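Novice: Here are the chains, one letter per residue:
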Amino acid sequence: MLSVTDLTVSAGPRTSPIGIVRGVSLGVDQGEILCLVGESGCGKSMTSLALMGLLPPGARVSGGSVELDGHDITHLAPHRRVRAGRGKLAMVFQEPMTSLNPVTRIGWQIEEAVRVHDPDANPTDRARELLEMVRIPDAANQLSAYPHELSGGMRQRVMIAIALACRPRVLIADEPTTALDVTIQRQVLGIIRELCDDLDMGVIFITHDLGVVAQIADRVAVMYAGRLVETGAVAPLFRAPLHPYTERLMACLPDPAARSKGFATIPGSAPRPGEIPDGCAFAPRCPRAQDVCRGGEVPVVRPEGGRRALCHFPLAEGETA
Amino acid sequence: MLGYLRVWTRPVVSRPLAALAGLFLIVVLCCALFAPWIAPYPPDQIDPVNRLLPPDAAHLFGTDHYGRDTFSRAVYGARLALLIGVGVVSFALASGVPIGILSALYPMLGRVLMRMVDVLMSFPSLLLALGLIVILGQGVLNAILAIGLIYLTTTARIVYGVALRLRSEPYVEAARSMGAGTLWIVRRHILPNMVSPLLVQASFVFAFAQLGAAALDFLGLGAPPEIPSWGNMLAEERIYITRASWLLLWPGLMIVLTAFSLNVMGDVLRDRMDPRFREMMGK
Amino acid sequence: MGRYVIGRIGAAAATLFAASIVIFSFIHLIPGDPVSVMLGDAATPEQVAALRERMGLDEPIWVQYLVWAGNALQGDLGRSIFFETPVTQVIADGAETSILLALITMIWIVLFGIPVGILAAIRQGTWIDQGLSGLAMLLASVPTFWVGLYLILIFAAGLGWFPSSGYPSIFEGGGLANLQYLLLPSIALAAPNAALILRLTRASMLDVSREDFVRTARAKGIRPSRVVLRHILRNALLAVVSAFGFTFAALISEAVVTETVFALPGIGRTVVQSILRRDYPVIQGVILVTVCLYLVINLLVDLSYRLLDPRVEL
Ligand SMILES: Nc1ncnc2c1ncn2[C@@H]1O[C@H](COP(=O)(O)OP(=O)(O)O)[C@@H](O)[C@H]1O
Ligand SMILES: [Mg+2]
Chain Z
1 MLSVTDLTVS AGPRTSPIGI VRGVSLGVDQ GEILCLVGES GCGKSMTSLA
51 LMGLLPPGAR VSGGSVELDG HDITHLAPHR RVRAGRGKLA MVFQEPMTSL
101 NPVTRIGWQI EEAVRVHDPD ANPTDRAREL LEMVRIPDAA NQLSAYPHEL
151 SGGMRQRVMI AIALACRPRV LIADEPTTAL DVTIQRQVLG IIRELCDDLD
201 MGVIFITHDL GVVAQIADRV AVMYAGRLVE TGAVAPLFRA PLHPYTERLM
251 ACLPDPAARS KGFATIPGSA PRPGEIPDGC AFAPRCPRAQ DVCRGGEVPV
301 VRPEGGRRAL CHFPLAEGET A
Chain E
1 MLGYLRVWTR PVVSRPLAAL AGLFLIVVLC CALFAPWIAP YPPDQIDPVN
51 RLLPPDAAHL FGTDHYGRDT FSRAVYGARL ALLIGVGVVS FALASGVPIG
101 ILSALYPMLG RVLMRMVDVL MSFPSLLLAL GLIVILGQGV LNAILAIGLI
151 YLTTTARIVY GVALRLRSEP YVEAARSMGA GTLWIVRRHI LPNMVSPLLV
201 QASFVFAFAQ LGAAALDFLG LGAPPEIPSW GNMLAEERIY ITRASWLLLW
251 PGLMIVLTAF SLNVMGDVLR DRMDPRFREM MGK
Chain H
1 MGRYVIGRIG AAAATLFAAS IVIFSFIHLI PGDPVSVMLG DAATPEQVAA
51 LRERMGLDEP IWVQYLVWAG NALQGDLGRS IFFETPVTQV IADGAETSIL
101 LALITMIWIV LFGIPVGILA AIRQGTWIDQ GLSGLAMLLA SVPTFWVGLY
151 LILIFAAGLG WFPSSGYPSI FEGGGLANLQ YLLLPSIALA APNAALILRL
201 TRASMLDVSR EDFVRTARAK GIRPSRVVLR HILRNALLAV VSAFGFTFAA
251 LISEAVVTET VFALPGIGRT VVQSILRRDY PVIQGVILVT VCLYLVINLL
301 VDLSYRLLDP RVEL
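Chains as they are written, first to last, in this note's numbering: chain Z, 1 to 321; chain E, 1 to 283; chain H, 1 to 314.
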């Protein structure tokens, strides 16, 4: 349904561009939640903004394509997508506290989206319906609330309601729960899971928290330094990670059932765009790295089951990095 | 979010303009310092035969209704412009800085002082200056005091804001908790950080002092008429504007370009300044 | 009315009280005996005595203040020495001109400053933006009286499109057509202040456009012009509205010069003439009235700002 091929996002001068997202390919199907995980700064938000056509000034899509239901939407800004009848991709942003217009009522903000995507619907009725879909209690009255009158969790639900106004085929949620506390986080995750099933839409759920991935994902894409280093269905990927980076990330999970004792972190830090080494970007931090890893192309490993990893020395099942 | 994405607003006016502005200010400074050598005639040399001459080789900017050489007077006018600017800036800084710093250090005193600053700010600035002139009488020094009083208030406010901010910085708090004396903190932490905001403020005050002084001169309440200031030249020749429109062009342009150049410099300085303090200098 | 409103009014009243002491002291700070200064050397002793009596100068100073303030509260600001009429009358005579001049100027400022500021912001970084920002700085650096003189030279003396000076009341012959007398003055007066509003509009548009909710609005797929007008501008105007208090104060100041250039019978020119005539009660009265006006306008601006911004409670 949504298919992204070799997406590249660059910033900086055109003569010496800095690669922020470097050849990402992924697809999402109806009713499926794809989790995009990775440490902060690895390019998750930039990937999602590129999908939306909302890259900030200074960054641009310099290669690859984004197709929704077979239509190329790569270089279209959202309002052009709507005009071309291809506006079925929506996004929920990371910061619920600042992502709503502070001086207008939330009803107005939802209706604004409804009018664009559903010109024939009664905006108020549809806005109320959307609020009910995200399970906001007393939806009819909440329409006249201002954002500052709502809690963070409520605001994030409003954000989801706005995103749903276009009846999206695919919903991108960029760390929608990171700013929320645990109970609220669980509620919002539940809502997203449910909407995904009920509306039969695809979801790209971005997070840096593997615990959240375990709760919600159907498939997982692990990102490192602007590249997808491993993708696969959630169960096999958790059981037997192929890429040492995935394995190290999972080792950091504070879950007794997982492999290690607690709040470990991966030593070193992810390279910043522009400082990414040749070869495998993870090599400097990788315990298995050898000379071949530090230059040249990294081979793609494709064991059965639709899995895929970028590594010279993938892990066997049960092995640790 | 995505703070690093912030595309820095480029300096409002790009660099070539700043260079021109700096050059013009140097010219004005030279005019002020070397007026007798630059000006072809004494500024007050009357020549009734050659009244209201249009510009020509002998009189670059023409002559006024006494036959005085407008170019020479414009050159000498730079002296008063410089004097007014330096005077107003010195007065505003010498009074505003202590008031602002004391207010930030001693909250009780600060409430009173800042309240007084508020009261002064509730007077329309030119009326405040005119009131002071009425009390003090007319004259260059009094014009400086009257205009300086206007900028005392804004300077004190800015210094107060910056000092308050600095005072609550962790390293200043730490120094205080370790028993550092107030004077030491002021010398060591507050004054050094105050330099760039004050530089910005000084260039804006210098600029607006020119406009204020010109307005006072124009109303006949500024520098005494025998002093060749740009404002006085405009005031004296205004009735001849229809007969000799060029007469008002040059002194006016000197005022405009001086104030404009100073504003450009202030703007460039502000853009280079610590972003924490930049917002305070918006006005 | 909330706590905030009452507190805000209280603060304005306190400022007015302090300002009134300054204004009252004004006459007493003038060197020499105010009465002989005002009446000049030619005054007879009887005249001096009569004026002393009228001004209550023989009472203790605080009694004088109370009497003066009490009278002022009842609308009595003393008598003009030159006109021999109540100061309130002198002020009322100039009020029509000054108020209309301020209003028309305000219209120019809003009509020019805000749209051009928006234009500069949406063309940020282009030569249009740089040109407009440079123009704004230039306008802010130009003496209003100098602009006024050349406006007169070009449009009044040269082209003859507008009258060059004076202003007959709109209530006299000519009616509203008399407003054309205020056209050139209001343009001269608007120039530097419109420049400030332009810069402020631009800066706050740019600030707001970096906010997250603007990206949300874009993501909805609404037209970019709608994003600018309904989302960015609405928030940016909050900062612009809060600057109108300052703008107004600047207008009062610069009107003194503008009214003098264009020979408008307004309060500003009256002040200048009163200074030259040593008509101190008029100066005192005008300053008191403008300070009151400034405080009231700032109060209104503050409260309306709070009405426009749902985040703050009244
Ligand atoms: N305009 C830009 N110019 C240069 N680098 C940028 C720009 N925008 C973002 N980046 C870089 O892109 C990287 C990816 O950022 P982001 O997608 O926000 O990461 P994530 O969402 O995974 O935490 C960051 O390291 C950031 O420094
Ligand atoms: Mg992110």
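Don't read these hints as lab results, they were simulated from the structure.
Owing to the predicted nature of the structure, the values given are computational and were not obtained by experimental measurement.
Possibly wrong hints are sitting among the right ones.
[As the list claims (entries may be wrong)] To give a feel for the contact side, a few chain H residues facing chain E, derived at Cβ under 10 Å:
| # | residue |
| --- | --- |
| 1 | Gly2 |
| 2 | Ile6 |
| 3 | Ile9 |
| 4 | Gly10 |
| 5 | Ala11 |
| 6 | Val35 |
| 7 | Ile118 |
| 8 | Leu153 |
| 9 | Val271 |
| 10 | Leu276 |
We put the CB at the ideal spot given by N, CA and C, even for glycine.
Novice: Looking back at the hints listed earlier, which ones does the structure fail to meet?
Specialist: 1, 2, 3, 4, 6 and 7
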